[in-house]
Amino acid sequence: MSINLLIAVSFAYVALLFAVAFAAERAGNRGWLRSPIIYTLSLSVYCTAWTFYGAVGYAARSGLEFLTIYLGPTLVFVGWYWILRKLVRIGRMQRVTSIADLISSRYGKSNALAVIVTMMAVVGTTPYIALQLQSVTLSFQAFSETSSEGWQFEDLNGTALWIAVGLAFFTILFGTRNLDTNERHHGVVMAIALEAIVKLLALLAVGIFVVWGIAGGLGDIAARMDASAIASQKFNGGRWVGLTFLAATAIICLPRMFQVMVVENSDERHLKTAAWAFPLYLFAMSLFVMPIAVMGLSTLPEGSNPDLFVLTLPLAAGQGGLALFAFLGGFSSATSMVIVASIALSTMVSNHIMMPLYLAYTKSNASMSGDVRRAILMARRISIGAVLGLGYGYFRLSGSGEALAAIGLISFAGVAQVLPALVGGIFWRGATRWGAVAGLIGGFTIWAYTLFLPSFGEGGLMSVMFLADGPWGIHWLRPSALFGIDGLDP
Amino acid sequence: MNKEDRPVFLESDGYRLRRIVDALRFLPFLGIFFVVVPGIMLSGAVPRSLSGVGIYFFAIWIVLILLTAILTRVFAKRGKETEEQ
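Residue numbers (our numbering), protein chains in the order written: chain D, 375 to 864; chain S, 226 to 310.
Just so you know, the hints here were simulated from the structure itself, not pulled from any lab data.
It is possible that part of the hints are untrue.
Pair ranges (Cβ atoms, derived) [as the list claims (entries may be wrong)]:
#: 1; chain 1: D; residue 1: K608; chain 2: S; residue 2: D238; range: 46 to 54 angstroms
#: 2; chain 1: S; residue 1: G239; chain 2: D; residue 2: K460; range: 16 to 24 angstroms
#: 3; chain 1: D; residue 1: G612; chain 2: S; residue 2: V288; range: 46 to 54 angstroms
#: 4; chain 1: D; residue 1: S606; chain 2: S; residue 2: F283; range: 18 to 26 angstroms
#: 5; chain 1: S; residue 1: F283; chain 2: D; residue 2: G532; range: 40 to 48 angstroms
#: 6; chain 1: D; residue 1: I756; chain 2: S; residue 2: I265; range: 43 to 51 angstroms
#: 7; chain 1: S; residue 1: A301; chain 2: D; residue 2: G816; range: 21 to 29 angstroms
#: 8; chain 1: S; residue 1: G239; chain 2: D; residue 2: S606; range: 53 to 61 angstroms
#: 9; chain 1: D; residue 1: G612; chain 2: S; residue 2: V299; range: 47 to 55 angstroms
#: 10; chain 1: S; residue 1: R273; chain 2: D; residue 2: G612; range: 18 to 26 angstroms
#: 11; chain 1: D; residue 1: A382; chain 2: S; residue 2: I265; range: 32 to 40 angstroms
#: 12; chain 1: S; residue 1: R273; chain 2: D; residue 2: W536; range: 44 to 52 angstroms
#: 13; chain 1: D; residue 1: A749; chain 2: S; residue 2: I265; range: 48 to 56 angstroms
Virtual Cβ for every residue (Gly too), placed ideally from N, Cα, C.
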């Protein structure tokens, strides 16, 4: 398997995505482009590289616990009549452009609130973007290690940088083509739907190959599963419930999920298809995760990275073509997440932070006559660049050895802080602006202190001593065991 | 139309629709019960058969998907009929 072929195929694939996005943009609002199926497929930005590579790694480490990440959203979609229906209807009627916009409009269009939510979303999403960049570079590396030419990828940071630049280019091109009051992007949605199909098929193909190609069918897999090291792990009920809830929260609060679910929704009825079709997609995505993890553990040499089993299993079996397909699947999951997340974040940053500043500044020295469209588009483009730059920065800063799943969970927990304000805004008449502000800031501070800042690794932003003994030696203020609550999730 | 031909109680369609909505509302709680309760029951123990537990969760999952699909379909169809009247 030559690395040059890999690069060529990736470029061809990216070109195809551009073509699809362009064609869909030209076709505009026509029939099947806006069907419930496309809507459901676009929801699959939930399945990022974290799902594609990370779920197998997670399963290899903690067994069935990975299921919680997909069961949570399933429960939310099964219960669509409670929350999602309201969200989509409010979003459509009030022409909501982002989750920050929704929350602020539920509390009397408070821009302060929107700014807080925007900041939280940017900080919470940054690790996630870094995670995507990391997964693509890691998969490149996995290929180059087995490459016949022995050509080594020395410069991982360079690879990540190029990917970030390429993604920024795509997003700016199709995310800021024109200003639409609905903030809908046909081209982007179409490209993401295509990527959704590619990643599902790729994972299924690897799964089928592993179960019937390497192992001897389902019975053999079940036997190996029960004999593997995962089977002797204790089941942690607290984590099980906690993670299910966290994932359920994340699917509502993640800025990118809000973007595809509410903002890009063109017809409320599509939700009725997505209510069962999206859980079905998640079901198919997780079907072969456990078999791949088990086979990876039992056939690959000790110490291989379980996060890359999806790639390394076919590679080890000499199936170059399948590995290439798997690589494209991982690439798709990473890129679609980054594209949608940066569109969602740039909408928030430009609408709630940059434009108010710009308007305040221009009002003082000129009597502008209306046309701020160029300014808005410019603000969008700058914020897309900035968001990707932040993601790249985090990638460089965090010791990139960290397991994929850990970063993903930190990010989930970050955006989950928005839920109380959101639910309060929708269901509770008595909710007030200051209550929401206090709740958001409180939750965010604790999250940053206990999860986000330590994620930079020991000796990153917090010193080793700080992490071990707490600030100024105050033991009960340690980030990993605030108020002496020890032994919970990392 | 004479009196006997009419249904005894008006709005039987609306009644059916509301019961379907009730079922839809109940579904996530059913799901939470079958996902969360076994999770707590298994807590702290090493499951006897990992594959068995896995198959259980996947089975619950597909049943939930099927129920949602059926109920949502019926709801969409009935909802449309009532709207048109």
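To test your reading of the hints: which numbers does this structure violate?
3, 7, 9, 11
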